[in-house]
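These protein sequences, in sequence, are chains U and L. Per full-length UniProt numbering, the very first residue in the first sequence carries number 1; after that it's consecutive. Per full-length UniProt numbering, the very first residue in the second sequence carries number 1; after that it's consecutive.
None of these hints come from the bench; they were simulated from the model. Hints may be right or wrong, so weigh each one.
[To be verified] Footprint (simulated), chain U over chain L, 3 or more residues, beta carbon under 8 Å:
hint : region
1    : 195-201
2    : 216-229
3    : 350-357
4    : 365-371
5    : 407-417
[Stated by the list, open to error] Result set (DMTMM-like, lysine to aspartate or glutamate): computed pairs, CA atoms no more than 25 Å apart in a straight line:
hint : chain 1 : residue 1 : chain 2 : residue 2
6    : L       : Lys420    : L       : Asp160
7    : L       : Lys104    : U       : Glu150
8    : L       : Lys102    : U       : Glu48
9    : L       : Lys219    : U       : Glu26
10   : U       : Lys118    : L       : Glu327
11   : L       : Lys219    : U       : Asp81
12   : L       : Lys104    : U       : Glu48
13   : L       : Lys100    : U       : Asp81
14   : L       : Lys100    : U       : Glu113
15   : L       : Lys100    : U       : Asp125
16   : L       : Lys100    : U       : Asp45
17   : L       : Lys102    : U       : Glu150
18   : L       : Lys136    : L       : Glu162
19   : L       : Lys219    : U       : Asp45
20   : L       : Lys102    : U       : Asp50
21   : L       : Lys375    : U       : Asp81
22   : L       : Lys375    : U       : Glu113
23   : U       : Lys118    : U       : Asp23
24   : L       : Lys219    : U       : Glu76
25   : L       : Lys104    : U       : Glu73
26   : L       : Lys173    : L       : Glu162
27   : U       : Lys10     : U       : Asp20
28   : U       : Lys118    : L       : Glu329
29   : U       : Lys118    : U       : Glu76
30   : L       : Lys100    : U       : Asp63
31   : L       : Lys219    : U       : Glu73
32   : L       : Lys375    : U       : Glu76
33   : L       : Lys420    : L       : Glu35
34   : L       : Lys219    : U       : Asp63
35   : L       : Lys13     : L       : Glu35
36   : L       : Lys102    : U       : Asp23
Predicted model, so just to flag it, every value in this text is computed and none were measured. For every residue, glycine included, the Cβ atom is placed at its ideal position computed from N, Cα and C.
Chain residues, written in single-letter form:
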Amino acid sequence: MTSNTELLNKVAEFIWYEADLLDHKEYQDWLGLWSAAGLYIVPTDIHETDYLNTLNLALDDADMRRMRVARLESGESVSADAAGNTVRMVSRIRLLEAGEELVIARCAMTLNELRHGKLITYPADMEYHLLPVEGGFRIERKVVRLLHAEGFLRTVSFIF
Amino acid sequence: MSELIKLHNVSLKAADMVEEGRVHKALYSDPAIFEQELDKVFNHTWVFIGHESEVPEAGSYKTAWVGRQPVILSRDRKMNLHVLQNRCRHRGATVCEGRKGKTKSFTCPYHGWGYALDGELRALPKPEEYEGVLDKAELPLMRLRHESYRGMVFATFRDDIEPLESFLGGAKKWIDLFMKQGGGYPVKVLGEHRFNFPGNWKIQLENTTDAYHFPIIHKSFVSSLDDATADIFDFLHGDGFVEDLGNGHSVMVMIPELIDLEADLDQPIPERFSELAVALREEGRSEEEVKRLVRAAHGTGFNLNLFPNVSCSMAFFRVLRPVSVNETEIQHVALGGEGAPLPFNRKRMRLHEHFQGPMGFGTPDDGEAWERVQKGSLAGTDGWILVNRGMGKLRQSADGNVAGAVCSETGMRGAYRQYKKMMAAAEE
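Please put together the full structure from these sequences, using the hints given.
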C-alpha cells in the first residue's frame, strides 16, 4: 500500500461534501456533482456488478436523478413530506485506483434516519468512480451496497 | 344476575366483524385475530410461493413462506417440483437459509442430517445408534401439496381442499392474459424488491384492488411521466372496471386497451418506448416483433388480486406475508421474458425500478399511507373501515360476475367475503 495523502484528502473532502449536501437536502447542488453519464446505483444484490442487466433498488441516470430530486422536493409525495432528518457518517476511505482520468474510492457509510420518531440505521459499503476536474471531481458512478439490501427494507424517501 | 358478555370476548369473532361494505378496524390490530388468521386462512387455502422460472434447473431452490411457516421450493434431478417444510426432522433446525440458488441436497447444520431435493432423508452421521429406533424412510422433510397454473406455484397444508384450478376459477382467464407480457417469450422472474411496513397484511390486500388511491397518493409518480404516459394513468374517468371473480379473487381493469397485449399491435410506438424500439431494430428484430415487444413492455392494464397473498399487478407479482398483526413483508417480483432480447428485459427492469420497491417513485407513498391506516385504526374504541364504494352501482359483467366502476371497492368486498367465510367456517 502506497500513501497518497493529498489525493485521499481531496477525495475525502469531496465525499464528505456530498454527504453533507444529502443530509441537508440540498439536492439541486447534489445534482451538479455528477457527470452527464453518471449512474447512481443501489443494487438488490451486494455481490452483483452487472447493474444494467439486473434489478436494482435504484439505477439512476441523469434523467432519473433529476426526477428523483423533483419528486422529493415537489410537495406531492406524502412519504417525502413525512421524511425526517438523516445523519450519515462516511469513513474507511480507501483509494482503489488513482489515475489522472479516473479515481476509484471505496468507503464505509452508516446512515441514520429518524422516521416517525423511530431511528433506522442503514450500514453500507460505497464505491465512487470520480472524474478529476478543475477544483474537484464529478461523480461518474456511485454504488451504495446496503448491508441488508437483500432483506426487507423500510421504504426510502431520501437519497443514500 | 348474570353478567353481560364482555366486549373483548365478542370482539374475537372476526367473521362477525366483516359486513358487506364495512369491516371493523379491530381486524387490523387485534393480535388474537391475527393468530386465528394464520391458521384459518393461510393454513387452509392455496398460498402463492413462487414462479417456476425461479427454480429453472435440477437442483434449483428458493425459500418462501406459507403464512409464518418457512418452506422450500425445490426442483429435483427429474425436474419435478417439491414444496418442503424447512425443518429438520431431528431437532427442528432449518435446513436451508439461502434465498435462492442451486444445491445437491439440504443438510441440517446442527447434526448433519442430509435430505435429497425431493425431501427424502438420505444420510445421517453415526447411524448405528439409531438401529432399531428410526427408519429413514419415515422421516423425509414434510411435504406440502402443491399445484401450478401458468408457472405460478401454490402450496397448501390441506390435502382435501379443491384443486388449484378450481380455486382460481374465473381468475384463470386473467392469469392467461397476464402471461402475455413476455412478448412472445415465457414469463420469467428477473429479480425482486423486498420491503416491509408496520401494518396489517389486509391493508396491503385491499390496496391492489384500490384504483381510487392512485392519482392521489401517486401524484409525484405521475408527475415524473411524459404527458402521453400520464394520460394512460389518468384512468379514474375511463371505462375501467372491477370484477369480483369469486373465492376472494378480483380483477381491477384500469387501462382497458391494455387487457390483451397481443391485440392492437399496429399502434404507434409511444415516446417512452422509442429507445427500446431503436435498440430492438438495431438487433435486427423484425418490425412485427418490435411492436409485439414494445406492447408487452407496457405490462397489462389490470391488477388481478388472488386471495390471500398474491397479486398479478400490471407488470409484476406483489406477494405479501403476514409477520405479525402490525407488520407485513412484501415482495415486488419483476418479470420479463425467458430468452427475450436484452433491451426488452432491461427496459422491464428499469420500469420496475421507477415505481416499485423501497426506493421506487410509487411504493414509498403506498407504504406511508398503509402505516397511517394502521396507526389510525387504534383511534377510538370502536370504528369501521368503509369498503362500500360503488355498492349502489353494481352490474353484471360479460362473464356473469358482479362488477363495479374502476374505483369501486368491489374487489375488497370480494376478498373480505372470502375472509369471512374462512374465519367463520373454522369457528364452527
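- Find the hints from earlier in the document that the structure breaks and name them by number, from lowest to highest. Failing hints, ascending: 5, 13, 14, 18, 19, 25, 30 and 36.
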